[in-house]
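Q: This is what each chain is made of:
Number of protein chains: 4
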Amino acid sequence: MFEQNPIFIPGPTNIPDRLRHAMNVQSSDHRSPDFVETLAPLLQDCKKVFGTQSGEVVLFPSSGTGGWEAAICNTLSPGDKVLIARYGMFSHRWIDMCQRHGLDVQIIECSWGSGAPADEFQRALSADTQHEIKAVLVTHNETATGVKSDIGAVREAMDSSAHPALLLVDCVSSLASMPFEMDDWGVDIAVSGSQKGFMLVTGMAILGVSQKALAAMENAELSRTFFDFRGMMAANAQGGFPYTPPLQLIYGLRESLKMLFEEGLDNVYARHFRLAEGVRQAVKAWGLDLCAQSPELHSHTVSAIYVPKGFDSNKLTDHAFSKYGVSFGIGLGEMYGKAFRIGHLGSLTDTMVLSGLATIEMAMADLDYPIELGEGVRAAQSYFRKTAA
Amino acid sequence: MFEQNPIFIPGPTNIPDRLRHAMNVQSSDHRSPDFVETLAPLLQDCKKVFGTQSGEVVLFPSSGTGGWEAAICNTLSPGDKVLIARYGMFSHRWIDMCQRHGLDVQIIECSWGSGAPADEFQRALSADTQHEIKAVLVTHNETATGVKSDIGAVREAMDSSAHPALLLVDCVSSLASMPFEMDDWGVDIAVSGSQKGFMLVTGMAILGVSQKALAAMENAELSRTFFDFRGMMAANAQGGFPYTPPLQLIYGLRESLKMLFEEGLDNVYARHFRLAEGVRQAVKAWGLDLCAQSPELHSHTVSAIYVPKGFDSNKLTDHAFSKYGVSFGIGLGEMYGKAFRIGHLGSLTDTMVLSGLATIEMAMADLDYPIELGEGVRAAQSYFRKTAA
Amino acid sequence: MFEQNPIFIPGPTNIPDRLRHAMNVQSSDHRSPDFVETLAPLLQDCKKVFGTQSGEVVLFPSSGTGGWEAAICNTLSPGDKVLIARYGMFSHRWIDMCQRHGLDVQIIECSWGSGAPADEFQRALSADTQHEIKAVLVTHNETATGVKSDIGAVREAMDSSAHPALLLVDCVSSLASMPFEMDDWGVDIAVSGSQKGFMLVTGMAILGVSQKALAAMENAELSRTFFDFRGMMAANAQGGFPYTPPLQLIYGLRESLKMLFEEGLDNVYARHFRLAEGVRQAVKAWGLDLCAQSPELHSHTVSAIYVPKGFDSNKLTDHAFSKYGVSFGIGLGEMYGKAFRIGHLGSLTDTMVLSGLATIEMAMADLDYPIELGEGVRAAQSYFRKTAA
Amino acid sequence: MFEQNPIFIPGPTNIPDRLRHAMNVQSSDHRSPDFVETLAPLLQDCKKVFGTQSGEVVLFPSSGTGGWEAAICNTLSPGDKVLIARYGMFSHRWIDMCQRHGLDVQIIECSWGSGAPADEFQRALSADTQHEIKAVLVTHNETATGVKSDIGAVREAMDSSAHPALLLVDCVSSLASMPFEMDDWGVDIAVSGSQKGFMLVTGMAILGVSQKALAAMENAELSRTFFDFRGMMAANAQGGFPYTPPLQLIYGLRESLKMLFEEGLDNVYARHFRLAEGVRQAVKAWGLDLCAQSPELHSHTVSAIYVPKGFDSNKLTDHAFSKYGVSFGIGLGEMYGKAFRIGHLGSLTDTMVLSGLATIEMAMADLDYPIELGEGVRAAQSYFRKTAA
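Protein chains in written order, with the working numbering: chain F, 1 to 389; chain W, 1 to 389; chain U, 1 to 389; chain Z, 1 to 389.
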């Protein structure tokens with residue numbers, strides 16, 4: 001029964017039937033003309049979502065984590081210095097990956113709930129007069145804390161110190177849900193995946209790559225073969241992949257892009273903002289606090305919500321799952337036990353969001369949270385009905 | 001986007017993935033041993049849902065309406081007198097069908113919102129000393145008004161007057177959702193369909209037939225060929241159908257029965273009651289009235305709800321669909337414009353029901369109904385969380 | 001494993017993925033605007049396949065047999081005389097149905113393997129100076145014998161005797177596979193189904209109805225309710241059905257029509273002819289005989305093939321199914337045990353047809369048929385490769 | 001139309017409906033108990049297919065190529081010497097990957113069409129008295145030439161020289177189709193993928209890992225993060241993945257294993273052998289030669305077939321695809337233009353194989369190959385019918 005309930009984890013997201021059908025295809029020959037004719041326009045169409053005209057797009061059968069690895073291995077060399085701020089679980093993991101690849105990671109420690117510290121980046125970059133920093137790594141949407149960062153501000157920080165470092169951005173949980181302007185923001189590599197805004201199953205990393213990144217690639221000495229841009233791009237230029245491509249995901253991505261363009265990217269973004277705002281109205285009505293420290297940091301795709309002192313957020317998510325069959329995101333890292341998360345991205349409607357709010361309210365009431373049943377729903381209803389198209 | 005919202009019409013119902021898969025099969029030969037081996041146990045299993053051991057089950061590629069036609073054509077002759085009470089749209093339509101078949105229909109007019117009038121049946125049957133009445137027709141669950149009738153009481157009425165008439169029952173929107181005891185209630189034909197409690201697509205009438213009905217069949221002179229029990233049962237006995245069977249629905253029904261038995265029929269009934277009760281708590285909180293005139297008439301599968309005086313229920317359902325993409329049942333017949341319906345049968349969870357309540361509240365608020373946003377949801381939440389397993 | 005083998009029964013046919021997806025949709029509200037907007041153009045598009053501009057199309061959740069019943073019940077009255085020739089199992093069954101409806105059936109007995117006897121029809125109609133014959137019933141494609149009849153010639157026979165009878169045609173296994181010209185041939189009702197040329201699952205009768213048939217309907221006194229054109233057409237005019245419509249089949253039919261029009265009806269017909277001809281080349285190479293008595297009678301959708309004297313065709317089809325997992329049509333009626341059938345209609349390719357021929361050859365060799373392994377395949381290959389686009 | 005033709009590339013393979021359904025699931029929470037309960041038994045069951053009791057199984061969202069990378073990165077260090085023979089495209093690519101990872105690759109050049117040279121391995125290993133060779137890499141089934149190698153003989157060569165090197169085996173196109181005995185053969189890492197014998201979509205590397213390999217892992221210094229066994233195994237032990245798992249493939253693999261075990265692994269292997277042998281009978285009847293140089297090298301999953309001198313195999317495969325809509329494998333590497341391949345692995349029946357043979361015969365005849373139409377089919381039919389169960 002429960003499998004018809006929507007899920008409220010911040011990805012993988014609820015897959016619309018249209019995409020389930022698109023992915024549910026019989027095997028076909030990836031060396032046939034049909035595949036060739038599919039791949040090239042698909043890569044072009046992806047560029048629109050990244051907001052790039054000058055960049056390239058590459059796909060790997062992998063996950064977002066594989067995309068991170070591809071981003072650093074294709075542009076950096078062992079011992080290279082990179083600058084990154086830690087303000088959540090996913091920035092933390094990217095740091096860890098850099099260290100395991102033998103990079104010299106200059107970390108700016110931030111409180112969880114804050115975003116990318118443009119000003120501190122600027123100080124660090126200005127101090128780096130020898131340009132030892134080869135790349136700045138930023139998590140656009142920190143899924144653990146529900147924080148979106150201002151990538152444009154990071155770009156300004158880099159420009160104001162005239163620093164030539166690459167700008168590598170994790171947009172796994174923001175792309176195709178929140179505005180992303182790769183060219184305008186001067187992003188060199190943007191890393192996303194299939195299972196979030198694209199509403200597909202997990203299994204494909206989707207990267208936007210600037211010409212500057214491609215130039216850096218020529219001298220990058222980190223080891224890569226499976227994730228090598230060169231092999232992938234050379235094969236793509238011939239209409240193929242350097243190994244067996246994930247056909248079903250590729251056909252799924254083609255249909256996903258169609259859906260996004262039919263709705264209109266701006267409408268997609270507006271819908272995500274609106275659903276997020278409805279959730280925030282509910283949080284406010286419950287008297288709870290978001291992890292995100294200020295309104296401009298509020299993510300449009302996921303809200304991380306502190307449970308009241310003395311409560312264990314894991315018990316809440318467990319209870320919601322076991323009693324009501326609804327999945328919410330657990331607190332990760334520093335938020336473990338302290339916060340739960342409501343994912344509100346992908347294929348979602350007012351009705352679906354309200355069902356999540358109504359369910360978590362029941363779970364909170366069951367566990368004696370000091371909230372009033374129905375108040376969050378009411379606040380979201382009130383917002384939704386006033387702002388619906 | 002909207003197609004992921006649950007629907008709240010009283011059938012067809014939300015189809016679980018497991019049944020979508022079961023019905024999504026390639027064509028195969030209906031004259032092959034595989035089909036033969038499927039059909040016989042399937043018919044046996046259906047008997048459990050009807051609550052009969054002595055009866056038989058027949059399936060027609062058709063709808064519930066086709067099932068009604070099969071019920072009367074196989075047991076009655078032109079000019080036969082039948083007794084039936086009109087208390088909603090579906091009893092009304094069955095009356096119409098009887099009249100069009102040239103039956104002599106003795107109608108007991110009841111107010112819409114009431115159920116089968118056992119006492120009036122008893123009077124009519126007792127008065128029929130010549131036993132001219134050949135059949136009593138009853139709608140178990142009147143989908144238009146959300147009223148369930150007491151079939152056992154009708155049987156008692158018939159027994160107490162020692163009347164030999166057949167008892168034909170429409171259980172289209174009750175079977176597999178509410179208890180049905182064909183043998184105990186002495187039902188001669190029970191008519192159901194694939195798209196309600198069985199959670200399948202529309203396209204198959206499912207009938208339980210008593211031995212008494214089969215005996216009556218021998219003398220029945222109403223014309224039937226497509227809906228003839230004799231041809232169907234003879235073919236079934238050989239493992240086949242007298243014409244091409246709806247394979248996908250038959251495989252779907254096999255899986256549906258598996259699901260019902262895995263959950264346990266008693267649990268299925270309890271779940272339906274509980275979800276219905278949650279909806280009724282919401283209706284009460286809104287200060288609205290059910291069409292069903294008293295608690296023992298409350299249907300477990302659909303609630304018909306009067307809109308306040310001066311409001312048009314059609315505008316409400318239209319608005320909910322066009323603005324929020326959620327379907328509710330419109331008012332039918334006498335309830336046209338005066339009531340809307342919430343279907344709560346089939347594959348449904350607390351979470352799904354709450355999403356429907358939250359949505360119709362927004363729609364009511366948009367149209368200035370004198371209800372308070374969130375109050376119905378809160379009432380249902382409160383009930384659900386206390387009664388959840 | 002075996003379920004990936006194509007089937008070679010003359011319907012239901014191999015369902016292409018595109019139609020499986022189209023039918024695999026979640027329940028939605030059949031009273032919603034979406035359905036209304038689907039139904040009207042769908043009915044219009046069906047007309048193109050029937051070859052009618054002046055006629056109407058009606059759909060019933062049912063099978064082809066239900067379509068036959070609808071055709072006669074809506075146009076005839078008890079005791080009406082109808083003229084029909086028996087030359088196969090399906091014409092035989094239609095005769096039986098007419099008799100059971102109390103019609104006065106004038107039967108022209110023909111040998112199985114022949115087609116509709118236009119000359120004998122003419123004699124009978126000319127002799128009927130009182131115009132007692134109210135309808136001529138013809139099976140366009142006799143699925144049991146693989147015989148297609150010349151409906152145009154029947155029309156000429158009727159015209160030459162200036163007879164006003166209705167012309168009712170069973171085109172269940174020909175429509176959407178072979179040319180059908182309802183207007184040109186003056187067909188009054190054409191009866192088809194979803195599971196043949198339309199490549200869908202079984203469950204919908206699809207009828208074309210002329211204005212003349214609609215006029216006759218006003219005086220027709222045979223009983224009908226479920227299959228009543230009037231109720232259906234009145235509801236259709238409002239965008240709905242008089243009872244719950246088979247949504248999945250309706251969405252499937254919409255996509256099926258798209259596929260047929262994309263390929264082009266003339267190309268669809270040419271493909272069917274070509275595949276049929278390939279099969280016939282194989283039959284010739286085997287030294288076997290078709291049931292169809294002359295080339296102009298050869299069906300484009302099914303070939304019925306006599307087994308050599310002393311062999312039992314049932315053993316052949318059983319063997320092919322149990323050993324190789326491939327379904328062929330058994331011999332029906334007079335052909336029982338004497339002939340097997342290869343269905344070659346719907347979504348089929350050269351490759352699929354060859355797989356059927358290769359399999360039945362193995363089965364024949366296993367049972368010591370006097371055929372040479374590979375010869376039928378070779379003949380079909382030879383024809384296919386010369387005639388492929 | 002063409003998408004219903006089977007494909008005859010050596011993977012991805014024809015996906016049975018049962019697995020398409022298993023993979024076609026809605027998103028669910030990979031941190032939920034359901035996933036935890038799925039993963040552990042799944043990994044256990046995989047061991048049976050690898051033929052290991054003492055080893056472990058790891059899965060990566062990736063392709064077989066990613067599996068190769070995982071195998072070497074987790075066990076070797078930069079500059080390590082590895083021994084490998086080149087006898088086809090896939091051994092060639094693995095060599096290339098090793099070189100790009102900075103390994104010191106000792107290559108034994110063999111003619112394409114031969115298999116792993118156990119005797120030459122023995123000589124090389126015996127000569128390596130300092131045990132500088134850290135690993136022997138072998139392609140079990142060389143997909144480019146249709147050659148299966150004797151892994152047991154390689155193990156004997158290693159044992160007879162008492163060499164401690166690891167034995168890494170690519171069994172991408174053999175596992176779950178041909179016998180594989182990881183423990184008996186002393187294989188340290190066996191690399192496979194989802195899209196061959198497992199009959200799933202592309203997107204998951206599946207590896208068997210011995211305890212000896214795990215011990216080597218501790219000192220391996222090649223860089224890995226995404227493909228790190230340690231992170232994967234640690235997360236697996238907690239019931240999860242170190243990043244988002246490919247849920248649909250994991251559920252698909254669970255069902256695939258069920259299917260394999262239901263048929264019985266020995267029956268699966270016997271079926272593959274039998275289908276392969278039927279294809280080889282056809283090749284012989286055509287008078288063509290296999291690339292595999294001797295019968296004991298014949299692969300059970302793919303046959304690479306030389307075209308006659310003066311013909312271009314690419315034209316053949318192009319023609320078969322464009323005219324008949326059937327995909328065969330092209331010649332790779334040294335076989336480019338010289339050979340085509342028939343994949344005969346995964347979910348296949350006699351009927352499906354015959355359809356491929358009949359089609360390629362037409363294509364060869366169209367291009368004036370000196371073969372006789374129907375002869376290959378006849379030879380395969382003859383073999384199939386004698387050997388069918």
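Be aware that a few hints might be false.
For chains that are exact copies, the list does not tell them apart, and a pair is met inside one copy or across any two.
[What the hints assert, rightly or not] Restricting the straight-line Cα-Cα distance to at most 20 Å, the calculated cross-link-like pairs of lysine to any residue (SDA-like) are:
hint: 1; residue 1: K338; residue 2: L42
hint: 2; residue 1: K315; residue 2: D183
hint: 3; residue 1: K386; residue 2: E375
hint: 4; residue 1: K284; residue 2: T38
hint: 5; residue 1: K284; residue 2: Q4
hint: 6; residue 1: K315; residue 2: D34
hint: 7; residue 1: K386; residue 2: Y306
hint: 8; residue 1: K309; residue 2: C110
hint: 9; residue 1: K258; residue 2: D45
hint: 10; residue 1: K309; residue 2: E132
hint: 11; residue 1: K315; residue 2: D119
hint: 12; residue 1: K47; residue 2: H21
What the hints contain is simulated information worked out from the structure, not anything from laboratory work.
Q: With reference to the structure, classify each hint as holding or not holding.
A: Here's how the hints hold up against the structure:
In the homo-oligomer, the alpha carbons of K338 and L42 never lie at most 20 Å apart, since the shortest distance is 41 Å inside one protomer and 33 Å across protomers. Within a single copy, K315 and D183 get their C-alpha atoms no closer than 43 Å, and across copies no closer than 43 Å, so neither meets the 20 Å cut-off. In the homo-oligomer, the alpha carbons of K386 and E375 lie at most 20 Å apart both inside one protomer (17 Å) and across protomers (18 Å), since each shortest distance falls under that limit. Taking the shortest alpha-carbon separations for K284 and T38, neither the intra-copy value of 46 Å nor the inter-copy value of 38 Å comes in at or below 20 Å.
Proximity of K284 and Q4 under a CA criterion of 20 Å is satisfied in neither setting, with 28 Å inside one chain copy and 27 Å between copies. Only between protomers do K315 and D34 lie at most 20 Å apart by alpha-carbon distance; the minimum there is 17 Å, versus 50 Å within a single protomer. In this assembly of identical chains, K386 and Y306 lie within 20 Å of each other by CA distance neither inside one copy nor across copies; the values are 27 Å within and 25 Å between. Proximity of K309 and C110 under a CA criterion of 20 Å is satisfied in neither setting, with 22 Å inside one chain copy and 59 Å between copies.
In this homomeric assembly, K258 and D45 come within 20 Å of each other (Cα to Cα) only inside a single copy, at 9 Å, whereas the closest approach across copies is 26 Å. With identical chains, the CA atoms of K309 and E132 are never at most 20 Å apart, being 44 Å at best within one copy and 60 Å at best between copies. In this assembly of identical chains, K315 and D119 lie within 20 Å of each other by CA distance neither inside one copy nor across copies; the values are 38 Å within and 55 Å between. When the C-alpha separation of K47 and H21 is checked against a cutoff of 20 Å, the pair qualifies neither within a copy, at 24 Å, nor between copies, at 29 Å.
Of the hints listed earlier, those the structure fails to meet are numbers 1, 2, 4, 5, 7, 8, 10, 11 and 12, in rising order.
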